[in-house]
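Peer 1: Put together the whole structure using the sequences plus the hints.
Just so you know, the protein sequences line up as chains V and P, in that order.
In terms of this note's numbering, the first sequence opens at residue 1 and continues consecutively.
In terms of this note's numbering, the second sequence opens at residue 1001 and continues consecutively.
Honestly, I wouldn't trust all of these hints.
Rough simulated footprint, nothing fancy, chain V against chain P, three-plus residues with beta-carbon under 8 Å [what the hints assert, rightly or not]:
hint, stretch
1, 1100 to 1109
2, 1380 to 1386
So the derived list for chain P, only partly shown, Cβ under 10 Å to chain V, looks like this [to be verified]:
hint, residue
3, Ser1307
4, Ser1311
5, Asp1447
6, His1451
7, Arg1491
Everything labelled a hint here was simulated from the structure, so no lab data went into it.
From the three backbone atoms N, C-alpha and C, an ideal C-beta is built for every residue, glycine too.
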Amino acid sequence: MATPAAAAPASERRDHGKRVVIAWIVLSVIATPLVVLVLGPQLPPGHATVQAAGQVVDNTVLTAIVTPVVCLLAVFFVYALSQFRHTGGALVDGPPLRNDNRVQVLWIVITSVTVLFLAAFGTYELLQDGSGGGQGPNPIALPSGPKLQIQVIGQQWEFTYRYPSYGGVETPQLVLPANTQIELHVTSLDVIHSFWAYELGVKADANPGVDNIAFVKTKGPLTFHVRCAELCGLWHGYMFNTGRVVPASQFASWVKGQERDFAPVAKYLPRYSTIYLPDPQRRAG
Amino acid sequence: MTVARRLVGFNLLTACVLGVGGWYAGWYGAHAVVGPSLDYFGDIDFNELSLVLAYLGGVLGFLIGLGFLNYPISRMRGYPPSLREKETGGVGRYFGLCTDHKVVGIQYLIGIGFFFFIGGLNAMLIRTELLRPDHQVWPAGTYLTLVGLHGTMMMGMFTSGILGPFGNYLIPILIGARRMAFPRIEALTFWLLMAGGVILETTVFFGGFPTGWTGYQPLGTQANPGMDCYYLFFALVGISMTLLGINMIATIVTMRAPGLTWSRLPIFVWGVLSTSALMVLAAPVLIATLLMALLDRTAQTNFFIPSQGGSPYLYENLFWFFGHPEVYVLALPGFAIVLEILPVFARKPLWGYRLAVAGLLGVSLLSFFVWQHHLFVSGINADLRPFYMFSTELISIPTGFTFICGMMTLWRGRIRYSVPMLFCLSWFFNFLIGGLTGVFLSDTPSDTTTHGSFFTMAHFHYTIMGGLVFAFFAGIYYWVPKMTGFQLNERLGKIHFWTMFILFNSTFFPLFIAGFLGQPRRVVTYAHNLQFINDWVSVSAFLLGGSMLVFLYNFVKSLVFDRVPAPADPWGSKSIEWQLPSPVPVHNFDRIPVFSGDPYGYGEGTGPFPIPAGAPAGMN
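Peer 2: Have a look at this one:
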């Protein structure tokens, strides 16, 4: 359907397509490594855990795929909008190009291949270690090896943490041993919250009556931030805290101290369970 | 005398009086039936049932006052069918029930524009709070209500943002008809939306609502009575959307003029058709969901209350089954406007017509299969995440069709940079950023961090404000001369465009960084190290509001004071609406046109459509 080149006026005979493609390839070849090297290390959420580092890899790959797309459109629009600009008052029609099957097929093939690659790569990354996301009561991405179970309980408007392997002790701050595979059981007592430990690369919704499991493998010691990432009512904005990853020996002594402090109130709390159903609720005031 | 008579007829004034009357009738009626309160707080008048019935009574009174019952009653009394409502001329038509699709289109433009500015004002107030990381300008409850009002108003009202004004005004003209298939339903969709908008704003008298535009359960069950306003607003929007969609589909399928085959339809009509299909299939789910939530609050049912056997997951599923098609209800008309306007200013036919149509239909089909990507970390159906990741990423293929068709239409064109064209071109920029950041959100591992953060918020502002609102303004600058008969000031239009484009990006691009650095959505406080970004964004947002004032000034100045008559075809378009006088006469066409091609014959030697043609007058 394309108009033969001979029929076009002289100014139209320049090979616009070839110019755009060459400029695009040159720009992409320069920009993509640059973006990966400069922007890649800045991408969230850092390398504090295995899951977080996996997400950084994932974000870097996505950025690397996105860069040539941005380059293509940038080159195309800069070229087209400057070259094909019409000045002067009279209306002049352009060539009546209605279709070009080669361009269509090429475009569909390229976008489809990109999409298939993205989906396959994302699935591969996801199934390796769950990428820190909440997986519900029956997780599919199970990291191997022994895991330390910790329960995260959301309520309006704070998170508390129970350690079932240490007598169900409940603490207001999350403390994790370093270099350990952790199994987080996230649940809620009232409305939906979302447990977001930014530096750990963990996010899991806390649903009432649901045991939402997420995995994270800690590395070295650090202090991390916990925020609620799902609107949960009046003081949602103040539902944040810090947590710590500490060496295993320090963790052992910390948890022993917690057990001692916790003993007097333990009998007033419900027994450890994967979910807690509070009394039928109405208003919170 | 005539003035007094007009005031007591069926018009907006009567409607408001009867609406308030209906409200109190419902309120006291329900109190009389169920007693003062169903709830724990007998001393505080938290009677949810009364409130809901009051609003329903108010809406009913409002519609009766507008005259929506006149026709059914006169038919029951044996009068013959007629379309009397549109015969009354003058400005009064715009303040009441009118079945002229052109009047309804302009009513929609003004009505939705009004609520758009209110929603934008709410955004300014939100940004005022976020100027400081921990200082509270608004009480926490007020802040959440502002967040909810902004989100709900924009998401609710703008479902009809393009179909309402431009769809209603242009669809009959573009398909060569004299009216919509169901003119009274057309008027009803508009007035339901306006009643809903007022109801949503009155939430401030009942304590506001804390849930944002998603209304998640069980937070919605424990909220103030103001929550009911949210449910009623969205349910009315849902009803309005369903009716609008049915009306559009019926009109486009059955009322096309002779010669207007499916392959000759303007791409805008295809966009409206695919959007309408989404509306008809998705909005009833919303209505049912909100009814269930309302019953939970008023009739002590337990659909969504977990401690009594209900499931918040059920609400999330139902809401997003509506909610994801809904964002394409917002985006698709934007695609269609851009593809409709590009050929006019590139002076070339629309490239790849079939591919463009396939893109619109493909997006609307796929949008029903992606909703659980909103629930990647919720713990629901964890084993389905790879599927939803795949289906979400699939949508970028038909979206890419729109891009390639638009880009190839520009290719080797004779591009003129008028104001509508500038808005269309900026759509590509904004939607590219919105779409590519969507890739990060659709990728489940990457979504773990970006989910529910400002990254998400920036993403959908790029797609919805950058996609829909920019296309909306393109439509305004392009079609308002046709709708009103007066030109908009080109110079002020360009000032508006450039300030809006730059400030929009300056407002929303930094929010990607804020999200990457860990700022969750809808928070009243944030980390101190994010203050610079947030202050930058707030200042940009205020200036963006100023840019909207430039538009408002231009709109009022050009249409009320300058009143420069617009020529019939200021853009040199070959589409049919530009072959009619500006503004379009009441009956659109003296004779029904016969179409001999599509409206994109630039450079092919074909002239614009001949309007007077063979078919007999009075067909419709």
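Peer 1: All hints are to be evaluated individually against the structure, with a verdict given for each.
Peer 2: Hints, one by one, checked against the model:
no.	hint	verdict
1	1100 to 1109	violated (count 0)
2	1380 to 1386	holds (count 6)
3	Ser1307	holds (5 Å)
4	Ser1311	holds (8 Å)
5	Asp1447	holds (7 Å)
6	His1451	holds (6 Å)
7	Arg1491	violated (17 Å)
Checked against the numbered hints above, the structure breaks hints 1 and 7 and satisfies the rest.
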